[in-house]
Amino acid sequence: MPRIDAHLHVFTKASPEFPRETSDVWPPEREEPVEKLLGEMEKNQIDQAVLVQMAGTSLDEHRYLLQCLKDYPNRFLGIGLIPQGHPNPAEHMAQLTDSTGIIGFRLSTFGGPRDIFAKMDVSEFETYPIWQYAAEHDCVLWLYPQAIEAHLLPYLIRAFPQVRVVLNHLAMTPGKGKFSWDELGRPQIQVTSYNLAMHTTYRLARFENVTVHLSGQYAFSKEGFPYQDLAGWHRNLFNDFGPKRLMWATDFPWILEDPGYDKLTTIIEKLLPNLSEPELADIMGGNAKRFLRFPDL
Amino acid sequence: MILPTPEQKEQWEEEGYLVFENAIQGEDLKRLQSAFDYWADACKEDWLDRVEAGDAAATFYDIPSPFEKDSIFIDIVDYSSYYGALMEFTDHDLIILAPQVRTVAPWPVSYTGWHPDVPQSNPLHIKVQIYVNDVAPGCGEFAFVPRSHKPGAGPYTRPLRQESMPGHKTFSGKAGTAIMFNSYGWHVSMDNASDVPRKSIILIYEKRTPGRIGPEQFASIASNCQTPERRKLFSLGD
Chain A
1 MPRIDAHLHV FTKASPEFPR ETSDVWPPER EEPVEKLLGE MEKNQIDQAV LVQMAGTSLD
61 EHRYLLQCLK DYPNRFLGIG LIPQGHPNPA EHMAQLTDST GIIGFRLSTF GGPRDIFAKM
121 DVSEFETYPI WQYAAEHDCV LWLYPQAIEA HLLPYLIRAF PQVRVVLNHL AMTPGKGKFS
181 WDELGRPQIQ VTSYNLAMHT TYRLARFENV TVHLSGQYAF SKEGFPYQDL AGWHRNLFND
241 FGPKRLMWAT DFPWILEDPG YDKLTTIIEK LLPNLSEPEL ADIMGGNAKR FLRFPDL
Chain B
1 MILPTPEQKE QWEEEGYLVF ENAIQGEDLK RLQSAFDYWA DACKEDWLDR VEAGDAAATF
61 YDIPSPFEKD SIFIDIVDYS SYYGALMEFT DHDLIILAPQ VRTVAPWPVS YTGWHPDVPQ
121 SNPLHIKVQI YVNDVAPGCG EFAFVPRSHK PGAGPYTRPL RQESMPGHKT FSGKAGTAIM
181 FNSYGWHVSM DNASDVPRKS IILIYEKRTP GRIGPEQFAS IASNCQTPER RKLFSLGD
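In order, the protein sequence lines correspond to chains A and B. With the numbering used here, the residue at position 290 of the first sequence is 290, and numbering never jumps. With the numbering used here, the residue at position 156 of the second sequence is 156, and numbering never jumps.
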């Protein structure tokens, strides 16, 4: 069974050939190229991976991702981004998924009522056309919802049961103002000690088309690797979603310095030590291969 | 104090729950509903802000510090309909741990899965859930697995669908119904397919153990706790 890293980012230096957004954390001269990733994968016997567009939603800003997918068609699948408020998201999605290796799109907002007590009509949600396109064209939706929108998800999932959904980073839903970067250039998300996702995203386990990434531990944990304070979250996710709907991922490149790619390839064994060998193999790649339809190597 | 009948005592021991229909009624129920609605409305925007900040769950909310907001929330802690049973089951050594004055939104999925609250090693832990509005079947009613509170019961696992839990019993009821249950037992809120929120109050009690609750916990409502019994119930000391 292949070992698949189900969520990570690669980017190259900003250039006319490969334009991209820049920031203090990813200045124009910084690069975390696919060749560097392949080196880590080789060292750690990881066979395939999902490349997720990091930032920059325009078609041009997807050029590097598209190039990587073209260069290594059997190794990678891609997840793109959609400009918020795009007047014709279907056109954008069609252009990016036309035999490119991009299989879906990442969303963090859904554009529905902030108040769960409001009347819910999914056809009025701003992202309804995106979900509709995904349903009609078999795209995967890659979700990292804002806390204030987590309650909208079951309405969309119920309306589009054929859409494959992947909840990113332990199905967490970051709160407004709780995101920062640490001294190692890693995203940090401040969360409550009581895991509120148990009352929102974990409840989506009922829907068979929903899976969850076991990733991003460094961003939520108050401890160092192996982030034992999150062992309970992993157990709960395992109990709710089962061994067939969890996918291991590293969130490369943010983890390269601490804890390092190699250590993260062992995190599932450390946080879920009672897994059987087949269960571990599923989480480490089998589920991603089946659910995301990775090509045979 | 209304002590439980032998039949109620047997059901409590064997099944792990008791239902008190019309436990709160008449003017007391109206007072409770009025206070609940007023404070739930007053606290809602702040809750939504906390949801946005990632500090509160999006699927339900509790009125913060309800004992300080209206004395009816204190008065139901030792309400005569069920207080005698609580005292009897804890050998007359009962403390209140916390109230949850809770509004649960209608949502395609229940806000929680099947679970017990505490392990058998915990002192006897009892909850009383009081419906503030009518809760019809399929509207987020409480459910419990009878006998799941007993040592050695189970093992139980959490099914994906609430209705798939073997042997469970659901409890729809009129406003004013109180359901008392042993929190060692597996319980849940069923799905709410209606467009009506479930309004209820969950009172959490325990058999007293030294130091479990300090006198500072409910010091702010000491003036509402003038009798020795109430001071003991709220761990306020002599």
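Since the hints were made in silico from the structure, they are not lab data. Wrong hints could be hidden among the right ones.
Taking lysine to aspartate or glutamate pairs in the DMTMM-like style, the calculated list, with each CA pair at most 20 angstroms apart, reads [as the list claims (entries may be wrong)]:
{"#": "1", "chain 1": "B", "residue 1": "207", "chain 2": "B", "residue 2": "91"}
{"#": "2", "chain 1": "A", "residue 1": "176", "chain 2": "B", "residue 2": "55"}
{"#": "3", "chain 1": "A", "residue 1": "178", "chain 2": "B", "residue 2": "46"}
{"#": "4", "chain 1": "B", "residue 1": "44", "chain 2": "A", "residue 2": "115"}
{"#": "5", "chain 1": "A", "residue 1": "119", "chain 2": "B", "residue 2": "45"}
{"#": "6", "chain 1": "A", "residue 1": "70", "chain 2": "A", "residue 2": "115"}
{"#": "7", "chain 1": "A", "residue 1": "178", "chain 2": "B", "residue 2": "91"}
{"#": "8", "chain 1": "A", "residue 1": "176", "chain 2": "B", "residue 2": "191"}
{"#": "9", "chain 1": "A", "residue 1": "119", "chain 2": "B", "residue 2": "191"}
{"#": "10", "chain 1": "B", "residue 1": "30", "chain 2": "B", "residue 2": "191"}
{"#": "11", "chain 1": "B", "residue 1": "174", "chain 2": "B", "residue 2": "134"}
{"#": "12", "chain 1": "A", "residue 1": "13", "chain 2": "A", "residue 2": "32"}
{"#": "13", "chain 1": "A", "residue 1": "119", "chain 2": "B", "residue 2": "41"}
{"#": "14", "chain 1": "A", "residue 1": "178", "chain 2": "B", "residue 2": "68"}
{"#": "15", "chain 1": "A", "residue 1": "178", "chain 2": "B", "residue 2": "52"}
{"#": "16", "chain 1": "A", "residue 1": "176", "chain 2": "B", "residue 2": "68"}
{"#": "17", "chain 1": "B", "residue 1": "150", "chain 2": "B", "residue 2": "14"}
{"#": "18", "chain 1": "A", "residue 1": "119", "chain 2": "B", "residue 2": "52"}
{"#": "19", "chain 1": "B", "residue 1": "30", "chain 2": "B", "residue 2": "91"}
{"#": "20", "chain 1": "B", "residue 1": "232", "chain 2": "B", "residue 2": "68"}
{"#": "21", "chain 1": "A", "residue 1": "176", "chain 2": "B", "residue 2": "49"}
{"#": "22", "chain 1": "A", "residue 1": "176", "chain 2": "B", "residue 2": "45"}
{"#": "23", "chain 1": "A", "residue 1": "70", "chain 2": "A", "residue 2": "98"}
{"#": "24", "chain 1": "A", "residue 1": "222", "chain 2": "B", "residue 2": "55"}
{"#": "25", "chain 1": "A", "residue 1": "119", "chain 2": "B", "residue 2": "195"}
We went through each hint and held it up to the structure:
{"no.": "1", "hint": "B/207 <-> B/91", "verdict": "8 angstroms, holds"}
{"no.": "2", "hint": "A/176 <-> B/55", "verdict": "10 angstroms, holds"}
{"no.": "3", "hint": "A/178 <-> B/46", "verdict": "17 angstroms, holds"}
{"no.": "4", "hint": "B/44 <-> A/115", "verdict": "10 angstroms, holds"}
{"no.": "5", "hint": "A/119 <-> B/45", "verdict": "17 angstroms, holds"}
{"no.": "6", "hint": "A/70 <-> A/115", "verdict": "43 angstroms, violated"}
{"no.": "7", "hint": "A/178 <-> B/91", "verdict": "47 angstroms, violated"}
{"no.": "8", "hint": "A/176 <-> B/191", "verdict": "29 angstroms, violated"}
{"no.": "9", "hint": "A/119 <-> B/191", "verdict": "17 angstroms, holds"}
{"no.": "10", "hint": "B/30 <-> B/191", "verdict": "27 angstroms, violated"}
{"no.": "11", "hint": "B/174 <-> B/134", "verdict": "4 angstroms, holds"}
{"no.": "12", "hint": "A/13 <-> A/32", "verdict": "8 angstroms, holds"}
{"no.": "13", "hint": "A/119 <-> B/41", "verdict": "17 angstroms, holds"}
{"no.": "14", "hint": "A/178 <-> B/68", "verdict": "30 angstroms, violated"}
{"no.": "15", "hint": "A/178 <-> B/52", "verdict": "10 angstroms, holds"}
{"no.": "16", "hint": "A/176 <-> B/68", "verdict": "30 angstroms, violated"}
{"no.": "17", "hint": "B/150 <-> B/14", "verdict": "8 angstroms, holds"}
{"no.": "18", "hint": "A/119 <-> B/52", "verdict": "19 angstroms, holds"}
{"no.": "19", "hint": "B/30 <-> B/91", "verdict": "32 angstroms, violated"}
{"no.": "20", "hint": "B/232 <-> B/68", "verdict": "18 angstroms, holds"}
{"no.": "21", "hint": "A/176 <-> B/49", "verdict": "9 angstroms, holds"}
{"no.": "22", "hint": "A/176 <-> B/45", "verdict": "16 angstroms, holds"}
{"no.": "23", "hint": "A/70 <-> A/98", "verdict": "12 angstroms, holds"}
{"no.": "24", "hint": "A/222 <-> B/55", "verdict": "17 angstroms, holds"}
{"no.": "25", "hint": "A/119 <-> B/195", "verdict": "9 angstroms, holds"}
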